[in-house]
Every structure is written in C-alpha cells, then in structure tokens.
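Participant: What follows is each chain in one-letter form.
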Amino acid sequence: MTATDTSGPHTSGRRAPLTKAEIAARVAADIPAGSYVNLGIGLPTLVADHLATGRGITLHTENGMLGMGPSPEPDDVDPDLVNAGKIPVTELPGASYFHQADSFAMMRGGHIDVCVLGAFQVSTSGDLANWSTGAPDAVPAVGGAMDLAIGARRTVVMMTLLTKDSRPKLVERCTLPLTGVGCVSRIYTELAVIDVGIDGARVVELFGTTHGELEDMLGLKLGRTR
Amino acid sequence: MTATDTSGPHTSGRRAPLTKAEIAARVAADIPAGSYVNLGIGLPTLVADHLATGRGITLHTENGMLGMGPSPEPDDVDPDLVNAGKIPVTELPGASYFHQADSFAMMRGGHIDVCVLGAFQVSTSGDLANWSTGAPDAVPAVGGAMDLAIGARRTVVMMTLLTKDSRPKLVERCTLPLTGVGCVSRIYTELAVIDVGIDGARVVELFGTTHGELEDMLGLKLGRTR
Amino acid sequence: MSAARFAKSALEALGDVADGATVMIGGFGPAGQPTDLVEALLEQGASGLVVVSNNAGNGDDPLARLIQRGRVAKMVCSFPRQVDSWHFDAAYRSGQVELELVPQGNLAERIRAAGAGIGAFYTPTGFGTPLAEGKEHRRISGVDQVLEYPIHADVALVRADRADGVGNLVYRKTARNFGPIMVTAARRAVVQVREVVPTGALDPEAVVTPGIYVDAVVEIAGSARGATGATEEPA
Amino acid sequence: MSAARFAKSALEALGDVADGATVMIGGFGPAGQPTDLVEALLEQGASGLVVVSNNAGNGDDPLARLIQRGRVAKMVCSFPRQVDSWHFDAAYRSGQVELELVPQGNLAERIRAAGAGIGAFYTPTGFGTPLAEGKEHRRISGVDQVLEYPIHADVALVRADRADGVGNLVYRKTARNFGPIMVTAARRAVVQVREVVPTGALDPEAVVTPGIYVDAVVEIAGSARGATGATEEPA
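First to last, the protein sequences are chains H, G, B and V. Numbering-wise, this note's numbering puts 1 at position 1 of the first sequence, and it's gapless, one number per residue. Numbering-wise, this note's numbering puts 35 at position 35 of the second sequence, and it's gapless, one number per residue. Numbering-wise, this note's numbering puts 122 at position 122 of the third sequence, and it's gapless, one number per residue. Numbering-wise, this note's numbering puts 148 at position 148 of the fourth sequence, and it's gapless, one number per residue.
A few of these clues could be false.
What follows is a set of in silico ranges between Cβ atoms, one per label pair, in the way DEER data are often shown [as the list claims (entries may be wrong)]:
1) H/I87 with G/R153: 41 to 51 Å
2) H/R173 with B/E12: 56 to 66 Å
3) H/R167 with B/V143: 25 to 35 Å
4) V/R187 with H/R167: 38 to 48 Å
5) V/D84 with G/G134: 21 to 31 Å
6) B/E12 with H/K20: 50 to 60 Å
7) G/I87 with B/K74: 42 to 52 Å
8) H/G56 with G/A52: 51 to 61 Å
Some but not every residue of chain V turned toward chain G, in silico, with C-beta under 10 Å [stated by the list, open to error]:
9) P30
10) N54
11) N55
12) F79
13) R81
14) D89
15) L99
16) L101
17) Q104
18) N106
19) E109
20) I111
21) T129
22) R176
23) I181
To be clear, the hints were calculated from the coordinates, so they are not data collected in a lab. Computed from a predicted model, the values in this text were never measured in an experiment. For glycine and all other residues, C-beta sits at the position ideal for the given N, C-alpha and C.
Using the sequences and the accompanying hints, generate a full structural model.
Facilitator: In structure tokens form, the structure reads like this:
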C-alpha cells in the first residue's frame, strides 16, 4: 500500500513539504476500502474530505454512531446529531445509533479498523501523548483518547512534526503524560511518513527533506522501511 | 404483607395442606403491585395464573423479553417467541426484547424485584440447590439458575416440602450441588411458608400441620416470624 | 424497580435528592442533556453532590450553574474542559470542586458494570498513564490491564425522546449517548421526554430502555431537538 | 472488520472453517437457530470443533448431527440436557465430547466481554458452587465474586430477521437471544437472514447489530418463524 522499494523514500526527498490537506490525503490513501474508521478531533477530521465515496469507508463517532456524514447545511443542523467534537454532522444511509457503552465496546473490542489521532508527542516505540500538555494550571480532560488509542486495530497519528516553537514531536521517550503505551504504528506529518513501534522509527516517505536532514532535525537515528 | 401477629401462623395450623395451585396463589399474594418478576421453569410457572391483571406486574423471561403474556392459541404459536422453558408464549402491550447479555444484566444487576424458583433443597440459611441431582451419570445442565438465584432483589422458592420418597427438602445444609449461597429468603410449600436466611428458618404460615409436627417431619428446630 | 410514575413537572419527577447524593446526568455536550431536570435539581436545593457526567457544563447551562453555586463537591467525568466551561474551570482551580477524570470508555463501561451487577473488570484502557496510577493491574493474554470498579448512583437524570405508559424509552440520534446505561446504574432513574405515547405505540423490537429501569417520567413539551435551550449553547 | 459480503448460499457464506476452530452458534432452543449455516458446517467438514452455544442440539437438528458425527470435541454451553438431546447425551456419556458447563448469564457476559475488549470480570454468579471450583475469587463490596474470562471465537453463526446492504441487522422477538453478542466476539460473523433489504430501509434507531460486526450474510428464503425446520422440533 505504501512505497516499499528502497528508492521510494529517498528519491521523494526533494518534494515539497505537505500542506495539512495533503497530509490528510496521504492518510486517506493508506485506508483500505471497506474500512471502519474513527477520526479524532482536530487535524484528523480533515481526513474525511479525502475518503472518496464508493470505497465503502464508514465513519464511527464514539459518541454513538456509525455512518456519520459531513456537516449539514445551516438550516439542517440538528442538535441531537453531533460528532465527538460536538460539531453538527449528518446521517448517511446505513447509519446506526448506539449508546456509550456499546460505542466504546465497538472501539475497545478491536472492531474499528483504523483510528487517526492528533498528538502532542509520539515516541519511536509508539507511545502516544495527546491528552495533556502537562501545564500545572490546566484543567485536565481526556475524553475518549485513551480508549481510541489502544482500541483500534491500527492507530495512526496525523500531526505537524514540530511544535510551534520548533521542538520535535517524534521523540525517543514522551515527556508529556501518556495516552497509551506502544499503541501508534505510523505517523503522518508534513515532512515524512514514519513507522514507529517495537522496531523503532523507520522512514516510509519523505516530503521536501532528506533522511539525514530529518535525523538532524529530530535528533534521532531513523531506520528505513525494508 | 404476610401475617405478622403471632396468632396468625399458629391458628392457621389446622387448615388443609395447599394444592399446587394454592401454593402458587400464596406466592402471588406476596408479590407487590408493580413488580417485575421472573418465574423459574417448572412449578413456579403456575404463579403466572394468579397474578391478577391490573396490578401492573410485568414478567421477565431471561431469554430476552419483558412483558411476557400467556400461552398462545395453537394457531398463533410463533417459534421465535418462547419463554425460558422453550414454551411458546405471547407478547403483551408494553413488551420489549433484548439480547442475552442485556437480559442477564437486568437480572444480575438487581433490577428484577422477585424471582420464584423451584428447588431440590433449600438450607435454613438460604442456600439453594436446584440444578443438579448429583447423580453421577446425569448430563448436567444449569441454564440461568445461578444467575437468577443471586441476581433478583428477592429470591423465593416454590416447592413441595418433601421429596417423592418423603425426605425433607428444607435442610440444615444442602447435600446436593449448590446453585447459590444464602440467596433464598422464603420458601412456599404445601405445608408451610417459611423464611430462611442468616437468622435460620422461621415459620410464617402453616397449612394443615402444626409447628411441632413440622419440626418433627423436617428434623429441624424452626423459629417463628416475630 | 416498580412501575414508572408520570410526573406533572420536572421538580415532581426529580423528587427528593439528599445532600451528598451521587447524581448521574446524561448528555454529551448539548445532545441529550436533561436540561429541565437539572434546572429542577438547582431549584430543589441538594448540595455536596457527586455528579457523574461526561462534561462539566457549558456556558451558563444548569449544570454549570449547579457548579457555580457550590452545590457540587465532586465531578466524575471524562471531558470537563470546554471553551465555555468557565464555571467548572473556576471552581476546579479554586479547589471548590474535586475532579475524578475517567477515560470516556471506562466511564461508560463502569456505569454499565454498575447496572449489570459486575463487581469489577480488567481493561487495557489507561494502562501506563497517569489515570491508572495506583490502580491494580495485571497482564492477561499478553496485554497489561487495569482493574476498574463500577460507578453507582443514587439518581440518574436522563433525556429521551419518547416514553410509553410503562416507561419504555426510545432516544433520538446521538442524544442517546449515556442515557441507556445511566438509568441502569442508579437507584432511581428520572427521565424527561419530548412525548409520552400510549403503551403499545413503541415497537417492542426498537425499545432501547425497557421500562424496568425507569422510575419517573416527565413530558417536557418541545424538549426535542435542543429546544430546551441546548441549541443556544456554543458546541 | 471490512464491509459485509453477501453470499449466494449458506456454504459460500460459511467459507473456510479450520479443524479445531471455535464456533459460536446462536439460538435458544429453536428460536434463532441458524439452521442452514449449521447444515453448511456439517457439509463443509471441519472437525475437532469447540462449539459455544446455549444448548447442545435437539432431536436430529444440524447441531445434534454435528455432535453425532464426532465433529465436536468440546461444547461450551449452559443447558445441554433436553428431552431430545440424545446425540449429545450419548457423546457426553461415552467421553467423545468434553463439556464446559457455564451459567447462562456468565456465558452471555463472557461472550460480550470478548466483543467489548474486557480482559476479565468479577461476578457473584456461581460463587460457592461446583461451577466456580478452582476459579479465582475475591470479596468486593461485601459480596463474594468469581473472576471470569472472555470467550472468543473464530466464527459465529447467527440467524437474524433482516439485513440491509451494509450488514446492519434486526432480529425477531426472542430469536434475538445470543446473536447480537456472538457476532461481536468472533473473528468472523456469518449471518443467515430471512430477507435482505436495501440500505436505508432499516431505521438507524432500531438497528440491533451494526454492520461493522457482520462479515457475511446469506438470505435464506422463508427462514423466519422457524420455517427452516426449527418448528418441527419439540420444545
């Protein structure tokens, strides 16, 4: 599904960094037809725009629905029909509703094929930190993040590779409070697609940078897929 | 709800033993209006005939239904609509269907007010044995007995007081495999209504026998309610 | 539970709530919030409450005002922080309200466990995170899991779409959320509905909450589609 | 799971079942038995099966014949003994089939736990009885409870009433029983329905099993109301 010949990751190094929409499209391209998918709040919601209809991809929203459609026209907003970000959505043919325990059973029982989450930090071993900035005066909130992170068959992260003050978000070890341990399998960023996990971080694809530049930027030794 | 003045249990001693239908009526008389009730297979099913309509009593069947009605006319038998004994039943207005986990959650979560079960043995402390005769060659089967015994708010037993070979079924200690520990609060039999539990066995009402005769018959010391 | 009672007002449906009671409040953001019942709780006066709810109030909605007035001693929820959760934020920062932060799936499963008579359960959610600190855990089938306990309540306040004469309920779209499990976990479940319909009018195959779980029902005319005020709040 | 496939025959829907597989079979007595799918399993030929089902066959129904032919190594069920369970009785007495007897509520909850990602749970059911012997237990909130583990399966065979084009299912009356939980607990869920209806024809509020749980569907004309043969069996 992704580039696996060794020339792939490296010859693509001189392409430009991706826009957010392009990252979303790149995430979408990896989602197999027929998948059940949960998109986390924030950046990952952009992925929906790139899931072509006709591929039979069904969106789950953990507040209790399968078959979620796009935002409604203003006149069609229904306050009883919202997504996990409390944003009004619509219902597609074949939709179904269920209560919170059933919805999280669906997620926690491993029935969702792909979950796309945002992140503050991801470790090279796949640990995820995406619910708390660790600021001492912050009001904490976790929502479904911890369930989503470990419940899906495959959890991937869509994020910028650097924070606003240019610190790497892909790290040897997360310093922020964890959401889940070893749960992320791949990150999609503006500069690279990188697999993470027990084998460490391995570059899958580069955009507007080189393997060496990326290693320098992150202060990490990165492997290559295959 | 039951006789609580001390004259009650004793002056009633010279009434005749109850028929099975009369035991069922006696059980029914103790069930408060508005109750949700589960009737075990066998003898307890007779209780349904004595639950007057208009008292708002709703029958639960653990195979997945509330609002169970009586047996259908032969032409109206529906193989998709059976009770826990796999006998065809009917649906009353206000009925609802649910799956096995939800049905047993209803039972196990303490939402059923009264469960009426049959028994092989009940101990004076309220232990129940009603699923296995202990015969070495028997094919065992338990069904929902263990869940029903301990799940309901109040579990009572309807049974004959003696086995076919005249051995007492109310015993100091069950010798047959247990269904549940300390779960029965009252037994209804042809000769007596008896409370059981941590305070031991206490006679509530007698039919055609005396307190002393009953003690001799059972080989037990019996208390009196109040 | 005995048969559902139909009340003439939210306050009558609510009945007596003791100081220090644990109160579950349904809803996920505005969807499914039992706004009129929480208003009634404000009026009723109980304090020192433990409130179990996914969120901790938006803007000046009734739950937010309950917190503002110091009536809530503790919130058990997954996502208290909202752009307009200023009353909770202030109460939390001043130490006026205690917070038990629970992952949303654990919140749902713990409420379900209370209703289903489960004593405790092991789940991988939260293992290795600050929210599992101090909790018992063990490795089962190669996966590290945390032991979680049920959450029971004295009262559950829930909004549904329709009830029939025996208290069977159906909900509407994602407003279903916590309602069906909260009514199972509370000693008393109080429900506001848009419409009470005659017994027999709900399809027995489509009943979501059987009447056995429902203790009191109040019909609030026009309480569907956020007309109780929920729509006025930012999402 | 990926989108449901619609098969032309029960055998095609069943697909490959390996020797030694764990197979869940829905139904409570005749109600909800996926008779045609179990017939297909007979024909398909897998042996050494572990079968999880509330009962262990009636008369000469397909499950009874599966046992009779020595294809079942172990039954996991709550109530194998029926007036006409002669094939199971004989196989059990001769030691040909192993039996794990499970209280019906534990059977249901363990199947649900498998589908819901619960690692294990404590329940009071069975404590102090022979069926809890050797099991871990502890006292929680003053009640003795037994630790029970999930039951997973390779395949679930289930009967529903209708399916739509994405595999959403509705059931009929007490034939619902184990279907909705078994499809969540199996790596592959195969469903026989009376009727396949167009996507959009099922009310999203009344869907009992969302299509995510369904891998293969076969329409068996006239399979409602026991017309698949279940009615011929004594209750």
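Participant: All hints, please: hold or fail.
Facilitator: Going down the list of hints, with the structure as the test:
no.: 1; hint: H/I87 with G/R153: 41 to 51 Å; in the structure: 43 Å, holds
no.: 2; hint: H/R173 with B/E12: 56 to 66 Å; in the structure: 57 Å, holds
no.: 3; hint: H/R167 with B/V143: 25 to 35 Å; in the structure: 32 Å, holds
no.: 4; hint: V/R187 with H/R167: 38 to 48 Å; in the structure: 42 Å, holds
no.: 5; hint: V/D84 with G/G134: 21 to 31 Å; in the structure: 24 Å, holds
no.: 6; hint: B/E12 with H/K20: 50 to 60 Å; in the structure: 53 Å, holds
no.: 7; hint: G/I87 with B/K74: 42 to 52 Å; in the structure: 50 Å, holds
no.: 8; hint: H/G56 with G/A52: 51 to 61 Å; in the structure: 55 Å, holds
no.: 9; hint: P30; in the structure: 5 Å, holds
no.: 10; hint: N54; in the structure: 8 Å, holds
no.: 11; hint: N55; in the structure: 9 Å, holds
no.: 12; hint: F79; in the structure: 4 Å, holds
no.: 13; hint: R81; in the structure: 4 Å, holds
no.: 14; hint: D89; in the structure: 5 Å, holds
no.: 15; hint: L99; in the structure: 7 Å, holds
no.: 16; hint: L101; in the structure: 5 Å, holds
no.: 17; hint: Q104; in the structure: 4 Å, holds
no.: 18; hint: N106; in the structure: 7 Å, holds
no.: 19; hint: E109; in the structure: 6 Å, holds
no.: 20; hint: I111; in the structure: 7 Å, holds
no.: 21; hint: T129; in the structure: 5 Å, holds
no.: 22; hint: R176; in the structure: 5 Å, holds
no.: 23; hint: I181; in the structure: 5 Å, holds
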